[in-house]
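Visitor: Sequences listed follow chains A and B, in order.
If you're matching positions, the first sequence starts at 1 in the working numbering and goes up one per residue.
If you're matching positions, the second sequence starts at 1 in the working numbering and goes up one per residue.
Think of the hints as simulated: they come from the structure by calculation, not from any bench.
It is possible that some hints are incorrect.
Claimed, not checked - Computed list of chain B residues with no C-beta within reach of chain A, every gap over 10 Å:
#1 L24
#2 T31
#3 A45
#4 A92
#5 D203
#6 G255
Unchecked claim - 27 Å max Cα-Cα, derived DSSO-like pairs, lysine-lysine:
#7 A:K68 x B:K12
#8 A:K19 x B:K71
#9 B:K12 x B:K62
#10 A:K68 x B:K96
#11 B:K12 x B:K239
#12 B:K12 x B:K96
#13 A:K68 x B:K160
#14 B:K96 x B:K71
Said to hold, decoys possible - Simulated restraints, written as ranges between beta carbons of each label pair:
#15 B:T123 x A:A24: 14 to 24 Å
#16 B:G255 x A:D44: 49 to 59 Å
#17 B:F47 x A:R63: 21 to 31 Å
#18 B:R117 x A:S7: 42 to 52 Å
Quick reminder that beta carbons are idealized off the backbone N, C-alpha and C, glycines included.
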Amino acid sequence: MAVASVSALAEQLDVSPDKLAFLAGFADLSALEDAVAQALGADDEAIHQGLQHAVNLIPRPLRGRATKLLMPGGEV
Amino acid sequence: MSTLLTRLEVTKLADELGTAEEPLGFLAEATVADLRELRALITHARFARHERRLARLAGLTKLAPAALAAKIAEHALGAEVSARVATMIEPADAGKLTRHLSPEFLTDVSVSLDPERSEAVITSLPENLIVQVGQRLMARGEHLTLARFVSVYSVEVALKVLEGVGGDDLLTLGMFAEDHASLDAIVARFPDERVTAIIEAADASGRQEDAIAMLSFLSEPTRARFLAAIGALPATERKRFTKLATDLGYGELLG
């Protein structure tokens, strides 16, 4: 169970499971996984919202260029 | 001592994740080095995941006038996202931007700022602004944030930030300091009265263990001044310090 959790955490963090090998000794990593998932989720939300709100605050003459810069090809 | 030091690392990890310490308490069984590495990996992952988006937001400082970019930072991005964007802004642009940001917002940003990634930006700011933000962080009880900045502030700036700060707060800052060499350089400039105030605060509030942790970070000459302060305590209190240090495996620290 611990190995699977280390793998899941490594995937969350986009690192090799070897880097988290020391965590294999812990039976239950769910609290850490949950905390990391919450932090990453909050980041995603904050940055997506920030991009949208930033465009809305930019005056119309600059908005086209700003949208191209912030959301190239409509990507957020 | 390793228990105390790992507990401090768990506190820092919980702070990085914006979560409570208790659910992560099991990690106190890990080593300090492993927990530091884990925290660094998490910090990096949180940054790398949005690096392209943050770079685009940083690009706004080139496109928009500084006053508008500041308005966007404060009203659209918020402090946490602005802190990440700040690591990607050129110091000269950051300087122009901060002139339009309120000290209160800059203080909010500092809480989420990664000192390593933003060192060039921070050190390019006017000293009085850095001191003002540092003092606001202190007033808010943001010890962990200030402790992260120990390696970025010059000793002179740190001493100005810490003017008038009491022994209890200084002890907390000392025990959480990330860079022990920088901590030592700052503490070495404290007058004897401040050293005594830290030891007396530790003694009065039962935080001898925290004081021992801080002493373990200091160089021998700086530590000697704290030992003199411990030596000046009443015999019972002095013995409590010595016994605790011995029990924690750090008896040699107190000679």
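Visitor: Confirm or reject each hint.
Guide: Hints and how they fare:
1. Listed as a non-interface residue, L24 (chain B) fails to keep its Cβ farther than 10 Å from every Cβ of chain A; the least gap is roughly 6 Å.
2. The beta carbon of T31 (chain B) is not kept farther than 10 Å from every beta carbon of chain A, the shortest such distance being approximately 7 Å.
3. Residue placement check: A45 (chain B) does not keep its beta carbon more than 10 Å from all beta carbons of chain A (closest about 4 Å).
4. A cut-off of 10 Å between C-beta atoms confirms that A92 (chain B) is not in contact with chain A; the least separation is 19 Å.
5. No beta-carbon of chain A comes within 10 Å of the beta-carbon of D203 (chain B); the shortest separation is about 35 Å.
6. Distance check for G255 (chain B) against chain A: the nearest CB is about 34 Å away, which clears 10 Å, and the non-interface claim stands.
7. Taken as a hint, the K68 (chain A) and K12 (chain B) pair is broken in the structure, with Cα atoms around 38 Å apart against an allowance of 27 Å.
8. A threshold of 27 Å between alpha carbons decides the hint, and for K19 (chain A) with K71 (chain B) the separation of about 40 Å lies outside it, so the pair is violated.
9. Taking the CA atoms of K12 (chain B) and K62 (chain B), the gap is about 35 Å. The hint is violated against a cut of 27 Å.
10. Note on K68 (chain A) and K96 (chain B): the hinted pairing holds, with a Cα-Cα distance of about 24 Å set against a maximum of 27 Å.
11. Our distance criterion of 27 Å between C-alpha atoms is broken by K12 (chain B) and K239 (chain B), whose separation comes to about 31 Å.
12. With a C-alpha separation of about 32 Å, the suggested pairing of K12 (chain B) with K96 (chain B) is violated against the 27 Å cut-off.
13. The suggested pairing of K68 (chain A) with K160 (chain B) is violated, with an alpha-carbon distance near 44 Å, which exceeds 27 Å.
14. Proximity of K96 (chain B) to K71 (chain B) is assessed by CA-CA distance (about 13 Å); at most 27 Å being required, the pair is judged to hold.
15. A beta carbon spacing of about 40 Å between T123 (chain B) and A24 (chain A) contradicts the range 14 to 24 Å that was offered as a hint.
16. About 53 Å separates the C-beta atoms of G255 (chain B) and D44 (chain A), a value consistent with the hinted range of 49 to 59 Å.
17. The supplied range of 21 to 31 Å is met by F47 (chain B) and R63 (chain A), whose beta-carbon atoms lie about 28 Å from each other.
18. In this structure the supplied range 42 to 52 Å is violated for R117 (chain B) paired with S7 (chain A), their Cβ-Cβ distance being about 28 Å.
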